[in-house]
Each structure stands twice: as structure tokens, then as C-alpha cells.
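The chain contents come next:
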Amino acid sequence: MKIIGLIIVVVTGALLIYAAADFPAWSDPASPASTYLSPHFIEKTMEETSVPNIVTAVLADYRGFDTMFETTVIFSAGVVCFFLLRISRREEEEPETRYYRHVLTGVTIQLKEGYKIPPSDDFERIDAAWTPPDLIIKTGCRILIPFVQLFALYVIAHGHHSPGGGFQGGVILGASIILLAISHDLRTAVRRMSEKLMAILCAVGVFIYAGTGALCLLLKLNFLDYSALAEVLHVDPITARSHGILIVEIGVGIAVMATMIWIYNNVSSAGRYRQGL
Amino acid sequence: MTDLISTVIAKYNYWIYITLMMIGLYAMIAKNNLVKKIVGMNIFQTAIILFYVSIGVKKGATIPILEHGHGPDAHHVVHAVDYINPLPHVLMLTAIVVGVATLGVALALAIRIYNNYNTLEEDEILAQIREK
Amino acid sequence: MIWPIDLAILTLVVVAAIGALMVKDLLGASVLFGAYSFMMCLLWSIMGAVDVAFTEASVGAGVSTVFFVAAVFRTSRRTRD
Amino acid sequence: MNEQYPALLVVVPLLSALVVSIAGWVNKRLCFPVAVAALGMAAWSAVGLLLRVLDEGVIVYKLGGWSPPMGIAYYIDYLNGLVLPVVSIVALLNLIANKKGIEQQFPDKIGPFYTLYLLMVTGLLGIVVTGDAFNLYVLLEIAALTGYGLLAMGEERAPLATLNYLYMGTIGACFYLLGVGYLYIVTGSLNMVDIARLLPPLYQSNTVLAAFIICMVGVWLKMAFFPLHAWLPNAYTYANSAASSLIAPLVTKVMVYVMIRLMLTIFTTEFVFTTLALSDAVVWLAVIAIVMGAVLALAERNLKKMLTYIVVAEVGYMVGGAWLGNRDGMTGAILHIVNDALMTLCVFMVVGNIVYKVKGYAFEDLKGLFRKMPFTMGALVVGAMSIIGVPPTCGFFSKWYLIVGAISSGHYCFMAALIFSSLVSVVLFFRVFEICFYEPFSNHHGHDNHPGGMDEAPVSMVVPLLVVAVILILVGLYTGDIVNHVIQFAIPEAMV
Amino acid sequence: MNMETIISIKPLLAILVSLLVVPILVLSGKRPNVREACTFLAAGVKFLIILSMVPVILNGTQIVYTIAEVIPGVAIKLRVDAFGMLFALVSSSLWIVTSAYSIGYMRGLKEHSQTRYFCFFALALSATIGVAFSANLLTLYLFYEMLSFATYPLVTHHQDHEARSSGRKYLLYIVGTSIGFVLPAMLISYSLAGTLDFSSQGFLAGTGSKPLIGLLCFMFLFGFAKAAIMPFHSWLPAAMVAPTPVSALLHAVAVVKVGVFCVARVLTGVFGTDLLFSLNLNVPIIYIASFTIMAGSLIALSQDNLKRLLAFSTIAQLSYIVLGIALLSPKGMTGGMLHIAMHAFGKITLFFCAGAIFVATGKKNISEMIGIGRRMPVTIAAFFIGSLSIIGMPPCGGFISKWYLVLGTLEAHQMPILFVLLTSSLLNAAYFMPFVYKAFFCRPEDSMFENKVQEAPAFCVVPLVITATISVILLFYPQPFLRLARMMVQSITGV
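Protein chains in written order, with our numbering: chain G, 1 to 277; chain P, 1 to 132; chain U, 1 to 81; chain S, 1 to 496; chain V, 1 to 495.
Hints may be right or wrong, so weigh each one.
[Unchecked claim] In silico lysine to aspartate or glutamate, DMTMM-like type, Cα no more than 25 Å apart, as pairs:
| no. | chain 1 | residue 1 | chain 2 | residue 2 |
| --- | --- | --- | --- | --- |
| 1 | S | Lys62 | G | Glu47 |
| 2 | V | Lys169 | S | Glu300 |
| 3 | S | Lys305 | P | Glu131 |
| 4 | S | Lys62 | G | Glu231 |
| 5 | G | Lys2 | P | Glu124 |
| 6 | V | Lys30 | S | Glu456 |
| 7 | P | Lys132 | S | Glu300 |
| 8 | V | Lys169 | S | Glu434 |
| 9 | V | Lys169 | V | Glu111 |
| 10 | S | Lys367 | V | Asp160 |
| 11 | S | Lys359 | P | Glu124 |
I should point out that these hints are in silico values taken from the structure, not numbers from a laboratory.
Go ahead and model the full structure; you've got the sequences and the hints to work with.
In C-alpha cells, the structure reads:
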């Protein structure tokens with residue numbers, strides 16, 4: 001296999017190097033890529049969409065259709081991970097023995113023969129292989145998480161003017177919850193953001209995006225033509241585009257956040273939703 | 001000779017991308033461990049992203065966020081030569097997302113395979129299949 | 001752009017990529033992959049692709065690495081190549 | 001509403017996938033009706049589009065209201081106007097047929113299954129309808145990712161087979177992406193029509209050549225063209241039947257469509273057949289693909305795997321036909337996209353029914369099936385006739401065009417390969433029929449209460465199957481109309 | 001020569017009748033009487049439809065109906081001309097008697113899966129009529145393949161190991177040759193001529209190089225393996241495992257006749273007499289056919305199994321037809337075409353007799369049938385008449401066709417062939433007559449049968465009496481067939 005791999009790699013590499021010889025010089029302002037479409041984007045973005053961050057404008061408006069599917073890709077990855085990994089309650093053998101921990105005192109209780117303690121704030125359920133999370137990490141993360149989340153919201157909201165946008169913000173937002181899951185345990189994170197909520201939020205996020213597009217369609221313009229929203233938002237069509245971009249960015253943020261958490265939950269617990277890492 | 005060297009230097013980013021891509025491709029073909037293959041796959045994908053980003057670079061230009069985006073001079077004239085080509089960036093945002101999505105699915109599959117065969121080495125798995 | 005930094009990062013990218021594929025420990029590979037992503041992200045920010053770099057920092061170096069670690073944790077660290 | 005069909009075609013399945021996903025958590029019984037309604041709507045739009053194309057010619061739909069090449073546009077011409085209804089109708093029929101099977105196999109994951117199913121169809125329809133090279137990549141990935149998810153849920157070996165598919169699929173998609181990047185670096189555009197306009201002066205460039213080769217290799221990887229086919233048989237065999245009977249008919253065929261689109265629209269026939277001298281080499285590869293597919297199929301003792309090798313051989317038909325470099329060959333290739341999608345659907349649905357009833361698809365599980373499941377086997381006979389190429393089933397007519405193309409371009413080896421593959425198909429299928437016909441049904445599974453009696457799959461599975469079987473014959477009889485009114489215009493005038 | 005044509009749906013109806021009756025047969029599977037009544041009804045209707053077209057055809061008009069234009073220049077199209085009419089008339093009339101006989105045979109032996117049997121029988125008949133009425137090569141091929149697949153379940157009706165291996169052989173030869181030879185030959189012809197419609201001058205005339213045309217000619221000749229021209233003949237004896245009515249159908253009504261019909265059609269309609277003459281292609285065909293005639297007859301001499309004997313006899317007789325056409329002389333062609341009808345009636349009688357003997361006694365081998373004539377006089381008498389017809393002796397129809405063939409050889413100046421024909425007739429007599437002799441004229445104490453053996457059921461006996469009678473009648477009144485054959489020959493050669 002190694003030799004075959006090497007041959008393939010050498011052949012492919014040779015082809016690519018051969019092709020690269022004809023490339024326009026690197027960072028050449030006169031190359032076709034820099035002179036054909038991009039000047040339009042750079043020069044017209046402001047007047048057509050009133051968004052200074054060209055990348056955001058192109059991403060969510062000119063090529064908004066790509067981005068809708070990009071969000072869909074992430075959503076489908078979430079669904080696939082769930083579909084492949086999640087072990088349903090029916091398949092999962094409920095353990096005979098359960099462990100609970102009294103939160104205040106740290107006393108661990110073992111219950112045999114399928115007895116349960118009803119959910120309450122005093123007791124938390126733990127797994128047999130449970131190890132207490134480090135106090136410093138736990139506290140540090142607890143302090144950190146709100147700031148991470150705040151920053152994430154800023155990234156989403158300020159995507160028009162600075163690097164960032166729904167996708168990056170969503171990832172950071174998701175990462176904050178993942179941080180919670182790592183620093184505490186998965187059960188804690190799932191208690192905050194339940195599985196069902198995650199799953200529905202994923203879909204809702206994409207739905208906001210595609211729904212905005214469909215709304216434009218219902219308002220008698222083409223799909224994703226945000227200027228149609230002008231009627232609803234009572235602004236001029238250009239500003240409507242800017243607002244439309246914000247709406248879809250929020251949708252992207254929600255979808256990405258939820259999906260990241262969903263994937264993490266499934267991967268880190270191999271679909272059992274017990275302790276996680 | 002100097003020509004050759006200057007070509008090599010002038011396009012060094014492209015050579016780096018080809019190198020990385022081939023490293024990734026080789027790993028995907030020749031590695032035995034499934035997770036290693038996935039790492040290779042990600043390197044392969046990022047190499048392509050590097051290639052696209054390199055297309056967008058423009059000498060003497062700045063990041064594609066308009067200055068004076070708001071405030072009183074919001075509508076002053078913008079010159080295309082001042083800003084980097086934003087289109088490859090947009091495309092690559094999408095590609096990165098596709099990459100992470102593929103990664104998630106691949107890891108999920110790897111975990112399922114591990115649950116079935118208790119190993120991630122491809123040859124060991126194939127040996128187990130053959131035994132059955 | 002300052003060429004020594006640029007060159008250093010380019011070298012590091014390649015080294016990290018090869019390293020991630022060479023180490024005999026998957027957890028190590030995951031971390032090296034994170035380093036690779038981060039170097040890549042620096043490279044892109046040098047090239048002016050701030051949005052891409054931002055995304056790569058949060059996705060490649062952040063979440064992807066976490067996914068890798070999680071998956072390795074759920075499977076095994078051992079590998080022969 | 002009429003002019004919004006292009007958007008509805010893709011957006012309706014997408015939105016309904018989201019609805020189904022939520023419904024899966026709220027009320028599972030809603031999933032199926034929503035999915036069927038969405039695919040019905042998609043099929044309706046697809047047929048509507050085809051009729052509009054027949055009426056008005058090429059339709060351009062600007063997404064977001066941005067005119068190309070700034071924004072993304074859909075181009076619906078005769079080529080994808082023909083493929084779209086096929087994709088949507090195949091998906092719809094398969095969904096209806098597999099309702100029972102899905103409920104039987106994934107009682108807890110109905111919602112995610114339908115979600116992935118709809119997203120997959122969205123991706124495939126999007127690939128076919130889009131006019132933007134990069135957009136195609138994104139949709140390719142949607143179709144691929146959901147495909148991995150669907151395929152991996154099956155037997156014990158399914159995840160490994162799917163992971164291999166994932167590696168290959170990712171390499172394929174990345175190669176395509178790289179090729180698009182090469183085109184972008186020399187033209188600065190991503191819109192297919194626009195690229196085609198900008199390319200002619202650059203035909204001698206290494207970069208364009210490399211872009212073409214890389215794109216082709218990527219697409220061939222995805223369609224499992226011969227030396228790159230290794231992932232396909234296992235991935236399709238071990239999957240659950242609902243997934244395999246969606247993916248086997250559609251994915252390879254849609255990838256062939258992409259190849260033809262690349263050849264005809266982006267690079268144009270002048271570049272592909274005049275500037276490059278690769279035609280002979282590719283046709284030879286196709287010959288090897290067909291022969292190897294047929295021979296490997298002969299070696300299998302398992303119905304589903306045998307069919308997957310037939311899929312590999314059929315890919316050879318289409319690639320070879322497209323690369324013959326003449327009108328007849330291209331007509332045959334395009335016609336075969338339609339026909340092969342339908343006949344592969346037919347035979348895989350038969351496997352689905354058999355798996356539902358007998359819980360197996362190895363040859364020894366098939367004993368006595370003619371008596372037990374006469375309708376299913378009847379459909380298998382029709383499907384087999386089509387694959388063998390017996391008139392008036394549709395498979396004959398695409399083979400006809402392919403062979404005529406081979407003769408007029410002088411590729412007699414390709415003709416011989418097609419005939420050889422037909423003969424092997426006769427052996428393959430009659431071997432199956434013999435087992436089903438002669439050997440009494442073995443009762444070791446304990447599902448059959450009255451041995452020898454009829455024990456057909458549920459009506460909801462049989463009726464769509466019979467519909468497909470009838471469609472096979474109808475499409476065969478209407479081949480003349482399809483070619484004269486649609487395919488003829490899909491091929492550029494320059495091609496003789 | 002331009003013929004008047006009229007467009008009518010009748011030929012399609014004739015095909016559809018037996019196709020549409022299939023679902024009814026399936027539904028009435030539980031009630032045999034209804035099922036068989038339906039079969040009869042369909043057979044009758046079909047025969048009447050075909051009969052109703054006879055006067056039109058005899059007036060020199062052709063009936064045309066296009067089903068679908070599938071490929072530019074090639075449609076799925078039906079056309080009834082004299083030759084097709086002749087063949088359709090033979091097979092549809094024989095379906096009626098065969099149906100009756102089937103009922104007797106199948107019920108007499110209490111065979112399983114009778115519904116399936118009748119369904120595929122009907123399908124096979126549709127395909128046969130389709131072949132007869134094909135207007136072009138594509139349609140011909142379509143129905144030819146349909147017939148191949150429809151007869152497979154009939155040949156393998158017993159579903160045992162023997163049936164399985166014969167079925168394999170059957171398919172291998174029939175489908176293998178049709179896909180391997182006919183399909184490419186058809187496509188090459190299409191790319192040469194751009195059309196596939198049969199024309200009286202042959203549509204390949206004036207196209208293609210000599211070697212190519214020759215190659216095509218032999219691809220077609222051997223591709224239609226149903227004609228059982230050596231070396232592609234051995235499926236026919238193997239297919240004798242089928243129930244006897246099926247063998248009768250295969251030999252007399254449908255399969256082999258379709259084979260020779262196709263060969264005749266292709267020789268006349270695709271190549272045309274002029275082309276064959278100019279390239280001298282008919283000579284090798286004549287010699288191949290002669291070889292088959294001699295070899296078939298000689299092998300038949302050594303057979304003990306009655307059905308196998310008949311099978312080899314059929315192989316020989318089929319080549320008479322090919323021979324007649326390949327002579328390319330008007331008389332020879334007339335003889336060849338006529339032989340389709342004459343041989344059909346003769347051979348079906350023989351098969352019916354073999355089947356009737358099997359139903360009544362369970363015996364298959366000639367050596368076990370000594371003295372059977374005393375127990376089953378009607379059957380053996382019919383057998384005698386049938387064999388006379390095959391040998392070509394008066395007072396049977398076979399005489400006329402052989403007479404024309406002999407005249408044809410003279411006309412074409414092929415003296416060696418005359419010798420072949422005469423020798424073969426002698427051989428025919430040599431393998432049929434001993435059986436008749438043993439059956440009737442052995443000493444009573446040698447008879448292997450006791451009194452309890454009687455004639456087969458009426459459903460078996462009546463059909464064979466009818467066919468034997470028709471064989472005789474055809475000598476005195478060969479009119480419709482002879483006239484149709486002459487008309488066809490006239491349209492081809494202009495004489």
C-alpha cells in the first residue's frame with residue numbers, strides 16, 4: 001500500500017507542479033482572479049448591501065446560497081453523528097446499579113436493583129468511573145464561560161464591520177458549552193442544554209436562514225433576495241439587505257452552536273450521553 | 001538557473017500547498033490507522049484552502065474590510081486595488097465548514113468501527129472480518 | 001509581511017503536519033494537528049484572510065481538536081503508525 | 001409560482017428536511033407525510049421545469065437576485081431538465097416503497113433518517129440544477145455527507161465500508177474543488193457559462209489541462225469509474241436497503257451528469273475532444289471497467305453485491321459513451337443516465353423487498369422466491385431484461401445508441417465490451433432466476449408459515465416497484481420522443 | 001415494387017389478444033375450466049383477427065401499424081405482408097389445436113403449475129405473431145427475444161435437474177447467439193444503412209464492403225439460433241425435456257419456425273436476392289443447410305427416444321426451409337416458405353402422437369413401443385400420415401413443398417442439392433417407417449402392451465386427428481398458403 005500511495009502521490013504532485021508553472025505570479029494584482037470579479041465586490045458592496053466587511057457581504061448575500069448549504073452541511077453532519085452514534089433508550093441496557101452523589105457533601109450513594117432517586121438539585125447522577133472534576137478548572141471555566149459567550153455574541157453581531165459572523169460566533173458559543181462539558185461533565189452540560197433542544201435548535205437555525213430566503217420568495221422576489229424584506233422591515237432595499245444578512249447570520253450562529261454541541265455530545269460519549277470525557 | 005530559482009521563490013506558497021496536500025494524500029492512502037487517515041484527510045483539505053487563500057493575495061492591498069465603513073465618510077470611493085480579493089475567502093469559509101462536518105462524520109464512523117472490532121488498525125479489522 | 005516569520009511559519013506548518021502523522025500516539029497526533037491548524041491560521045492572517053483565519057482558529061484549532069480528543073478518548077490512543 | 005420552480009425544487013426538500021427533523025422529536029408520525037409531500041412537490045417542480053424548458057429553452061434563475069457571474073445562478077437546460085425529474089421521481093418512489101422497511105429497521109431514528117434522506121435528495125437535485133462550479137462542490141458535500149450517514153447504518157461491516165467511501169469521496173470532492181480553483185486562478189470566475197466563455201484563449205495552458213484532469217479524476221472517484229471503484233461494492237452492499245436503493249441509482253448517475261456537464265458546458269467539446277487526445281484512452285478504460293465489472297459480478301454469490309458490480313459496469317457504459325466523442329455516444333450516455341437510474345432503482349428495490357421478507361440476499365436465501373414473491377420477482381425480471389438490454393425495456397435503447405456511437409467512431413472494442421457485458425448479464429440474472437425458480441424455499445428462517453404459498457411483501461412496497469417496472473417499459477417505448485425533443489438539444493451543435 | 005398499404009390496428013390487436021389474456025389467466029388460476037375457456041377464447045379471437053386480414057393481403061395490400069418511433073428512422077412497427085401472413089396463419093391456427101391438446105396432456109398427467117404454463121404459452125404466441133408481423137429488424141429482434149424468454153419457463157417446466165441443465169443450454173444458445181451475433185449485426189446494419197425497415201430489395205443493398213456484408217450475413221444466419229442450423233442446433237434435442245405440447249409448440253408453431261422465419265426475412269428483406277447473388281453468399285448458406293439436412297437425418301436414424309428422433313428430424317427439416325430461401329430461385333423460395341406450413345402441420349401431428357403415447361403408456365423410447373398400434377390405432381395412424389408428410393410423399397402436404405424445392409434446385413442449377421434432397425427423403429423414410437412398422441405389424445405375442453392400455457383422452461386424440469387431416473387436405477387444397485408464398489416470392493423477385 002505504501003508503494004502504491006507513493007506512486008499516486010508522486011504522479012499527482014508532478015501534475016500539480018506542472019500546472020502551477022502556468023499560474024499567474026503570486027500576489028499579482030493583475031491576475032485574472034483579482035481583476036475579473038473581485039473589483040465589483042470590493043467597489044460595489046458598500047452601495048449594494050451597505051456592509052463594510054466584504055467577506056460577510058459576499059458570504060451572506062452575493063453567494064448567500066452557498067452559505068445556506070454550508071449551514072446545511074453542518075446540520076447534516078450533526079444529524080449524521082446522532083444517527084450513527086446515539087444509542088436509543090430501547091437498545092441501551094439500563095444498569096442495575098446506579099450511583100448518585102450528594103452535591104453539597106460529596107457523599108456517593110449506590111442504589112441497587114434499579115432503584116432511582118427522583119431528579120432534584122441535591123443529588124446528581126454519576127457513572128461508576130466518575131472522578132471529581134478539579135476545583136480550579138471548574139471554577140476557572142465557570143468564570144470564563146460567560147465572557148466567552150459574550151464575545152461570541154459580539155462576533156455574531158459585529159460581523160458586518162469586523163472579521164467574524166454567524167459561523168465563527170456560533171462555533172465560539174458552542175465551544176463555551178463544550179468547555180462546560182469538559183470542565184464539569186457531560187451530564188451537567190446536557191442538563192443546561194438538553195439533547196432535544198440542541199436538535200431542534202440546529203434545525204431552527206437553518207430554518208431561519210432558508211425561511212428568510214423563502215420569505216423573499218413569498219414576497220414575489222427571487223429566493224434569498226433580501227431586498228424583498230424592505231416591505232416587511234419598512235426600510236430601503238439596501239438596508240434591507242444588510243438586515244437580511246444579520247438575520248441569516250443569527251440563524252447560522254444558532255445552527256452552528258447547536259450542531260457543534262450536538263456532535264461533541266455524541267462523539268465524546270459514543271452516543272451514551274453519560275459522563276463524556 | 002536564476003530564472004528557475006526566482007520562479008521557485010515567487011510561487012513558494014504554491015509549492016508548500018502541494019507538499020502539504022501530498023502529505024495528506026499519502027497519509028490517506030498508506031496509513032493503517034483510521035484516525036491517522038482522518039488527520040491526513042484534514043491536512044489534505046486545509047492544503048486546498050491554503051491554495052485558495054493564496055489565490056486571493058494581492059500585493060499592496062489590505063484586508064477586505066472597507067475602511068470608513070460607517071460614520072460621516074461612509075460613502076467615499078473605494079478602489080479595488082486597495083483590498084484583497086474577498087471571493088476566495090468566502091469560498092474557503094465554506095470549505096472549512098465542510099471540512100469540520102466531514103471530520104465529525106468520520107470520527108463518528110471511527111467510533112462505531114471501534115465498537116464493532118475494538119481496534120482502529122485497518123489490517124487488524126480486515127483480519128477479523130476474514131476470520132468470520 | 002515579514003519574510004522570516006513567514007518562512008518560519010511555513011516550515012512549522014509542514015513540520016506539524018508530518019509530526020501529526022508520525023507520532024505513535026493518537027492523542028499526541030490530535031494535539032499536533034491542533035498546532036498545525038493554528039500555524040495555518042497564522043499563515044492565513046498574514047495573507048490577509050482574516051475571516052478565514054478566524055474561522056480556522058475557532059474551528060480547526062479549537063473544535064476540531066476537541067473532536068479528535070473526544071474520539072480518541074472514546075476509542076484508543078494506541079497506534080502502530 | 002411558475003417562475004419560482006427552480007428555487008422550489010431545492011428549497012422545498014431542504015425546508016421539509018428541517019421540519020421533519022423537528023417533527024422527529026415531537027411526533028414521529030408526521031415525518032413520512034411531510035417527506036412524501038416535499039418530494040412530491042419537488043417532482044412536480046422538476047416536471048414543470050422540464051415542460052418549461054421544452055417550451056422556452058434554457059431557464060436562468062438568479063439566486064438572491066444577483067445576476068451571474070456575481071451571484072449564483074441556476075441554469076436549467078435540456079440536459080438537467082431531463083435528469084431532474086428522474087432524480088426526484090426515483091427518490092419519491094423509493095421513499096414510498098421503503099416506509100415499512102425504515103420503520104422496521106430504525107424505529108427510534110425515523111426522524112433523522114427522513115431528514116438525511118431529504119437532505120440527500122436536496123443535494124442531488126442541487127448538483128443537477130446549479131450553474132455555479134463552487135456551489136456544485138458544496139452540494140456535492142451535502143449529498144456525500146448524508147450519504148455516508150445513510151449508508152453506514154446497516155450490517156456490521158457497513159461503517160468500515162462507509163469510512164472507506166468517505167475517504168475516497170472526500171478525495172474526489174477535494175480534487176474537484178482543486179480543479180475549480182485552477183479554473184478560478186486562470187479565469188477569475190466560478191460561473192460555469194462564464195468560465196466556458198473565458199476559457200477558449202487559454203486552451204493551451206497547463207493549468208487548464210490540469211484543472212480538467214483533476215476535475216475528471218475527482219468525479220470519476222465519486223462515480224466509481226473502474227480503477228477507482230473499490231469503495232462502491234462494499235459500501236452499497238452492507239447498507240440498509242432504503243439507503244442503498246436511493247444511493248445506488250442516483251449518486252453514480254448524478255456524478256456522470258456532472259462529468260457530462262463539465263465536458264459539454266465548462267470545457268466544451270472542442271477542448272475535450274479536439275485539443276486533448278485522451279478520448280481513446282478513456283474509452284479503453286471504460287472497456288476495462290465494463291469487462292471487469294461484469295467479471296467481478298460473476299464471482300459474487302450474493303445478489304446485492306452482484307448488483308453493485310453491475311453498477312460499476314454501467315458507469316463504464318456511460319463514461320465510455322460520453323467519451324466516444326460523437327453525438328450518438330453522448331446521446332447514449334445521457335439516455336443511460338435516465339435508464340440506468342430507473343433500472344438500478346428497480347433491482348435494488350427488489351432486493352429491498354427480499355430483505356424485508358427473507359432477511360437476506362445471499363443466493364441461498366433466494367430459493368423458491370418465484371412462488372413466494374411473484375410480483376417482486378416479476379419486477380426483477382423486467383429490471384434484469386433492461387440491464388441485459390432486451391427491447392422494449394429502456395436499457396436496450398441506451399445500449400443501442402452507445403453501440404451505434406461506438407461503431408461510428410470506430411471503437412469496436414467498446415461495442416464488444418457492451419455485448420460481452422450483456423451476455424454476462426444474461427448469465428448473472430438467469431443464475432439468480434434459476435435459484436429462485438428451481439429450488440424449493442428453505443424454511444430455516446422460520447418466517448414462512450405455509451411453505452410453498454405466496455408471501456409477498458406489503459402492498460406499499462410492491463406497488464411502487466411495479467410502477468418502476470412499468471416505467472422501464474414506457475421509457476423504452478418513448479425513447480424516440482426523449483431523444484428527439486430533449487437529448488438532441490442537450491448536446492451542442494458542434495458535436496457530430 | 002410499390003404495394004398499397006393501409007393503416008390498421010388489427011395486427012397489434014392480434015398480438016395483444018394473447019398478451020391481455022395473461023392477467024385473466026392468472027386471476028382465474030384457481031378455476032381451471034374458466035382458465036382454459038379463456039385460452040380457447042383468446043386463441044379463437046386471435047385466429048379470427050388474423051383470418052380477417054387474409055383477404056386484404058391476398059388483394060396485394062399491406063397492413064401497417066406503427067407502435068412507437070423509438071430511434072430516428074427505426075420504429076417499433078408492424079407490417080403484414082404475404083409471408084408474415086402465411087406464418088401467422090399457421091401458428092395461430094395451430095395454437096387452437098395445441099391448446100386443446102395441452103388441456104388433455106396437462107390434465108392427463110396432472111402436471112403442476114398449469115396456470116403458469118398457459119400464461120407463458122399465451123405470451124409465446126404473442127411473440128410469435130409479433131415476429132410474423134414485424135416491419136423491421138428491431139421489431140423482429142424485440143419479439144424474438146420476448147419469445148426466447150417466454151419459452152424458458154415452458155422448457156424448464158418440470159423444474160428438476162434435467163430441466164435446469166436443458167434450460168441453461170437453451171438460453172445459452174438462443175440468447176447467447178441473439179445478443180452476441182444478431183444485436184451487433186443489426187447495429188452495424190443500422191449504421192450502414194440508417195434504417196432497419198425490411199424492403200423487398202433489401203436495405204443493405206448498395207452499402208458496405210463485400211467482406212462486411214458477408215460477415216453480417218453469417219452473423220444473422222447463426223445468430224438466429226432458433227433456426228437450429230448446425231453447429232448451433234444442440235439446444236433443440238436438449239429442450240425435449242419440456243412437456244410434449246411445449247415441444248410441439250417449439251417445433252411446429254413457434255420457436256424453430258420463428259428462427260427460420262427470421263433467417264428468411266433477413267435474407268430477403270435485409271440483404272435482398274440481388275445482393276446475395278452478386279456476392280455469391282447464397283452458396284455457402286446452401287451448403288451449410290445441406291450439411292445440416294444430412295447430418296440431422298443421419299443422427300435421427302440412431303435415436304431411440306421418440307422425441308429426440310423428432311428433434312433431429314426437425315433440425316433437418318428446418319434447413320430445407322433455409323435451403324429453399326437460399327436457392328434464390330422463385331420455385332425454391334416458394335417451396336421453402338410453403339414448407340413452413342407443411343412441416344408445421346406434419347410435425348405437430350407427430351409430436352401430438354408422441355405425447356399421446358406418453359400420456360397413455362408413460363413410454364418414451366421407440367424400443368418400448370412395439371405393438372402399440374394395436375392399442376392406439378388412431379394415434380399411430382395419425383403418426384403415419386404425419387411422417388408421410390415429413391418424408392414428402394403424397395397424399396400429404398409435405399409433398400408439395402418438397403416438389404417445389406426440387407424444382408427450385410433445378411431452376412438454380414444446383415444438382416448436388418437435388419441429390420441431398422432425395423437422399424434426405426430416403427433417410428426420413430428410414431427413420432420413421434420402422435417405428436410405424438413395429439407399432440402395427442409386429443406379432444401379437446411380441447406386443448409389449450396389455451389390453452388395459454387405451455387411447456389417450458379425447459382432448460389429446462382429437463387435435464392430432466385434426467392436424468393429420470389438415471396435413472392431408474393441404475395436398476389437395478394448399479391454396480391460401482401457396483398463394484401467399486407465391487405473392488411473397490413475386491414481390492421479392494418480381495417473377
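Status of the hints after comparison with the structure:
1. Lys62/S to Glu47/G: Answer holds: Lys62/S to Glu47/G is near 20 Å, not above 25 Å.
2. Lys169/V to Glu300/S: holds, 22 Å
3. Lys305/S to Glu131/P: holds, 20 Å
4. Lys62/S to Glu231/G: Given that 25 Å is the threshold and the Cα spacing comes to 20 Å, the pair holds.
5. Lys2/G to Glu124/P: holds, 17 Å
6. Lys30/V to Glu456/S: At roughly 18 Å apart (the allowed maximum being 25 Å), Glu456/S and Lys30/V satisfy the hint.
7. Lys132/P to Glu300/S: holds, 17 Å
8. Lys169/V to Glu434/S: holds, 13 Å
9. Lys169/V to Glu111/V: This hinted pair holds, its Cα atoms lying about 23 Å apart.
10. Lys367/S to Asp160/V: With Cα atoms ~14 Å apart, Lys367/S and Asp160/V stay inside 25 Å; holds.
11. Lys359/S to Glu124/P: Roughly 29 Å between the alpha carbons, so the hint for Lys359/S and Glu124/P is violated.
Violated hint: 11 only; the structure is consistent with all others.
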